[in-house]
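**Student:** Each chain is listed here by its residues.
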Amino acid sequence: CNRCMAIKTTAIKKINILCKFNDVRKEHIISLRQARRDRQLVSKRLLLTEDEEQREVTMDTASGQQDLVDLLCKVQHSGPERGTHLKALSKALRDPSEQLTFIKQENSVNLLVSLLTGSNAQCRLHAARCLHELSHSPHTNVAPACLPATPYLLTFLSGQSTKFTELCLYTLGNLFPDSDVVKDKLLAQGIIPALANCIENQKHNLAVVEAAAFSLTQLLQAKDAAEKIIPKVLASSLPSQLLSVLNPDPNFGLAPAIECAWCLHYLACSSDGNGELLALGALSHCSSLLMSLGGAVAEGNKEEGMELLVCPLLRCVGNLVSCCPVDSLSTQVGDVRLVAALCAFIKAYLHTQPALARESAWVLNNLTAHSTDFCSALLTLNLVPGLIQLLPFSQGINTMILRVLANVAHKKKESCLQLAQLGLLSTLCATLKMADQEMVTLSLEILFMLVIGRPQVADEFVRLSGVSLLEAIQYNSEGEMRRRAAYLLEHHLLSHSADCTV
Amino acid sequence: MTASGNCPTGTTEERELPFSFTPQLFHLHKDHEVFEDGDIHRHMYLQDLYVSGADDEPALSVSEFACHISGCSAVFSALEEYEHHYNSLHRHVCCSCRRSLPSARLLDIHIQEWHDSLFTVLAQRQDMYQCLVEGCGQKFRTSKHRKDHLIRIHKYPPDFRFDKTKKDRGTREAKRPQQKDTAMEVADDVCESEGVCEVMCDVLSEQRELGETMETLVEEEAARMTKPAATMEHTDLSAAFDGNGCTSSETFKTQYSYRVPTTVCFGHSSVRGFRGRRGRRK
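So the sequences go chain by chain: A and B.
The UniProt record's numbering numbers the first residue of the first sequence as 1 and each following residue consecutively.
The UniProt record's numbering numbers the first residue of the second sequence as 1 and each following residue consecutively.
It should be emphasised that the hints constitute simulated quantities derived from the structure, not laboratory data.
All of these numbers come straight from a predicted model, not from anything done at the bench.
Among these hints, one or two may not hold up.
List of simulated lysine to any residue pairs, SDA-like, C-alpha gap at most 25 Å [unchecked claim]:
| no. | chain 1 | residue 1 | chain 2 | residue 2 |
| --- | --- | --- | --- | --- |
| 1 | B | K30 | A | K163 |
| 2 | B | K30 | A | L329 |
| 3 | A | K302 | B | E57 |
| 4 | A | K302 | B | D56 |
| 5 | B | K30 | A | G275 |
| 6 | A | K163 | B | I153 |
| 7 | A | K411 | A | S477 |
| 8 | A | K347 | B | D56 |
| 9 | A | K26 | B | H43 |
| 10 | A | K347 | A | S426 |
| 11 | A | K163 | B | Q47 |
| 12 | A | K302 | B | L79 |
| 13 | A | K163 | A | L125 |
| 14 | A | K302 | B | E36 |
| 15 | A | K347 | B | A78 |
| 16 | B | K30 | A | P325 |
| 17 | B | K139 | B | D116 |
| 18 | A | K26 | B | K139 |
| 19 | A | K347 | B | L79 |
| 20 | B | K30 | A | K411 |
| 21 | A | K223 | B | A78 |
| 22 | A | K413 | B | D31 |
| 23 | A | K347 | B | T142 |
| 24 | A | K223 | B | P23 |
| 25 | B | K30 | A | L187 |
| 26 | A | K412 | A | N382 |
| 27 | A | K347 | B | K139 |
| 28 | A | K163 | A | G253 |
| 29 | B | K30 | A | L280 |
| 30 | A | K302 | B | D48 |
| 31 | B | K30 | A | S394 |
| 32 | B | K30 | A | A226 |
| 33 | A | K87 | B | F26 |
| 34 | A | K413 | B | K30 |
| 35 | A | K223 | B | K30 |
| 36 | A | K228 | B | D116 |
| 37 | A | K26 | B | S61 |
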């Protein structure tokens, strides 16, 4: 529920705001980046206990610390206190070293399994909580130890208790990435159909949908997902289910839509996924959602965490567009004004999350690469001046934007004069001096497109002292650059000069 | 080149076009580096560590500018710095000997005095060497007279490198005059410079091939640049006007071979020289 989400967020935030400026946080992020580069980044999710949610503190593992083995013994002996001990055990299992201790105890997991499937509902819940804590372990040898529980966890997905189902879903999602043995078992035990059924039957229950979609993201990120997992997912009802849940619920918030969007992103990344997704209208769906989000962003209504939804949607659209046949692009996307939303994202996130601005620019490139409609839209919606102003910014933003503008000049030759007059020509005088070779190359290419057949543009460029600029480029160490500059000088810019030489 | 303006863009032209831009679609796989920052944010969110607005990713940066001249590795954060650099060091270059002069006027005078045979002829009979100070207007019979004038009247410091005189045309070699400036160990020759004047040695000697890429010893130039000197203008003057002329055609070993592709010559606005006159050729 929304309240839970808010509380959860606040609780952790309080702690993390302390860490916000901490070097620890920065160090942590550095290690995360490295893990990702090694393709080892695994994102588990921990569902807080009800106590934690209500008291706005995280579990204090130190308080009332009892010996784990001792607790286990107590749990083994049935009695009215069993539930209490089990609850204490689950608290203890928050600690990673206790997790290791636990799995080393003989039959410890089997005990949990028997309680999980026993007749005491409270004990079932606590046992599930224990397994959930174990699943969140940073130690990869814990997951295989939990294998005995998985068939039951899967069975319970079609159960009735929301909290219980949620726990099972997150537990399964956490267990999946840790070892191949676990993966193979879970796939064989039918985790994909189970997730599909779960979402289909509990569509109204957004907490469950969120949990199921999260689990699916874990499956879809596996190294061999392309061969083993994605085809099965595509063949199931999951893609259409995900699309139907995509729009954020005003009461529940963004979280379920976020998970569904990430699933769709992983599917769209794969080469098989695109055809199926396009057939289901994914492009139209994602585009219209992006447009409404873009509208909100443009008006300054930035709901917190909106970028968490914008990001996977951008990626979905970007990749789907790259695989969509050009002649159906406009219909598939639905509305050419998507380009306005993309420009709004760039503007809104440029300083706070430049990577998101870069991804938006990438989508713009894919839209304009082969489509006259989208190129025209940029012009008619007067988005070009704003794009030109982005050209100073590096880290891949300006190169992508320059590509977009080159696409427009290339696709709509009749717009070149307009582009020049909107400020592109004078900006090229700056971009031609940049250190980034790609910027200079693209600038030369655009200059050529603007100038060819348009002596007035050539004259204007000369007036802007462009000639000396190109002369300098003739001394560049890259032959390609020198040739382009020389060509422009010889054929288009120095025709009136008596000293012109060839 | 052509009197009529733009060249016709016929098919023969198209074949030779060095332009190759075509729009490109990019399909990115899930592990692509472009997705790194977004993935980190997602991870932080799932781990309940996400704080909207935290500066977890590298801050936005602005592209740098860089001098295009091959071998010049100068980089600038602002456009004005680039402009100043380029205008100071790479403009007003003599087409014949590749010397860089600080202003158009000095370039004109340089060309006239070094590369114009008519000047040499006239100078035998009348005062042709102009005072370098703008507005003075006086002319002198020899460069030495001019130098004296500059020192006496215009108060140029006497320890300027006015001790080199331009050798007569056709004299090959080099009895090298005293060079106070020792950083410039250019062999025998012609193309040298002191202070901030950059010489772009034209290795357009017989042995050079067309289209060679350019190299230069930037360190030498840097060393030169950091030398304590008087104002740039003055040191440039000394180099430009009183050094050896680039008239010798001997092959020389250049320590910095700042080679210019033969097919290229500067156009009208920044470099002038007399067409077809490569000073060093006989």
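**Student:** Next step is simple, just say for each hint if it's right about the structure.
**Tutor:** Right, here's what the structure says about each hint:
Proximity of K30/B to K163/A is assessed by CA-CA distance (about 32 Å); at most 25 Å being required, the pair is judged violated. Between the alpha carbons of K30/B and L329/A the distance comes to roughly 23 Å, so the proposed pair stays at or under 25 Å and holds. A hinted pair counts as satisfied when its Cα atoms are at most 25 Å apart, and K302/A with E57/B qualifies at roughly 19 Å. At roughly 19 Å between alpha-carbon atoms, K302/A and D56/B fall within 25 Å of each other, so this suggested pair holds.
Distance restraint check for K30/B and G275/A: the Cα-Cα separation of roughly 17 Å lies within the 25 Å cut-off, and the hinted pair is therefore satisfied. Restraint check for K163/A and I153/B: not satisfied, since their Cα atoms lie roughly 97 Å apart, outside the 25 Å limit. The straight-line distance between the Cα atoms of K411/A and S477/A is roughly 31 Å, outside the 25 Å bound, and the hint therefore fails. Restraint check for K347/A and D56/B: the C-alpha separation of about 19 Å stays at or below 25 Å, so the hint holds.
Our distance criterion of 25 Å between C-alpha atoms is met by K26/A and H43/B, whose separation comes to about 14 Å. A distance of roughly 22 Å separates the Cα atoms of K347/A and S426/A; the hinted pair therefore holds under the 25 Å criterion. Restraint check for K163/A and Q47/B: the C-alpha separation of about 19 Å stays at or below 25 Å, so the hint holds. Proposed proximity of K302/A and L79/B is contradicted: the alpha carbons are some 35 Å apart, above 25 Å.
Straight-line distance between C-alpha atoms of K163/A and L125/A comes to about 8 Å, which keeps the hinted pair within the 25 Å bound. Taking the CA atoms of K302/A and E36/B, the gap is near 23 Å; set against the 25 Å cutoff, the hint holds. A distance of roughly 22 Å separates the Cα atoms of K347/A and A78/B; the hinted pair therefore holds under the 25 Å criterion. Between K30/B and P325/A, the direct Cα distance comes to roughly 22 Å. Compliance with the 25 Å bound is thereby established for this hinted pair.
For the suggested pair K139/B and D116/B, the alpha carbons sit about 17 Å apart, so the restraint of at most 25 Å is met. For the proposed pair K26/A and K139/B, the alpha carbon gap of about 70 Å is over 25 Å, so the pair is violated. Restraint check for K347/A and L79/B: satisfied, since their Cα atoms lie roughly 23 Å apart, inside the 25 Å limit. Annotation: proposed proximity of K30/B to K411/A is violated, straight-line Cα distance about 29 Å (limit 25 Å).
About 45 Å separates the Cα atoms of K223/A and A78/B, which puts this hinted pair outside 25 Å; it is violated. Only pairs whose Cα atoms come within 25 Å are accepted, and K413/A paired with D31/B is rejected, the gap being roughly 36 Å. Restraint check: the Cα-Cα separation between K347/A and T142/B comes to about 65 Å, which exceeds 25 Å; the hinted pair is violated. Between K223/A and P23/B the alpha-carbon distance is near 31 Å, which puts this suggested pair outside the 25 Å criterion.
Annotation: proposed proximity of K30/B to L187/A holds, straight-line Cα distance about 22 Å (limit 25 Å). For the hint pairing K412/A with N382/A, the CA-to-CA distance comes to about 15 Å; that is within 25 Å, so the pair holds. Our distance criterion of 25 Å between C-alpha atoms is broken by K347/A and K139/B, whose separation comes to about 62 Å. Annotation: proposed proximity of K163/A to G253/A holds, straight-line Cα distance about 18 Å (limit 25 Å).
Only pairs whose Cα atoms come within 25 Å are accepted, and K30/B paired with L280/A is accepted, the gap being roughly 21 Å. Restraint check for K302/A and D48/B: satisfied, since their Cα atoms lie roughly 20 Å apart, inside the 25 Å limit. For the suggested pair K30/B and S394/A, the alpha carbons sit about 23 Å apart, so the restraint of at most 25 Å is met. Between K30/B and A226/A the alpha-carbon distance is near 11 Å, which keeps this suggested pair within the 25 Å criterion.
Simply put, K87/A and F26/B have alpha-carbon atoms about 51 Å apart, too far for the 25 Å limit, and the pair is violated. A distance of roughly 35 Å separates the Cα atoms of K413/A and K30/B; the hinted pair therefore is violated under the 25 Å criterion. At roughly 11 Å between alpha-carbon atoms, K223/A and K30/B fall within 25 Å of each other, so this suggested pair holds. For a cut-off of 25 Å, the pair hint linking K228/A to D116/B is broken: about 80 Å separates their Cα positions.
A distance of roughly 19 Å separates the Cα atoms of K26/A and S61/B; the hinted pair therefore holds under the 25 Å criterion.
In terms of the numbered hints stated before, the structure departs from hints 1, 6, 7, 12, 18, 20, 21, 22, 23, 24, 27, 33, 34, 36, listed from lowest to highest.
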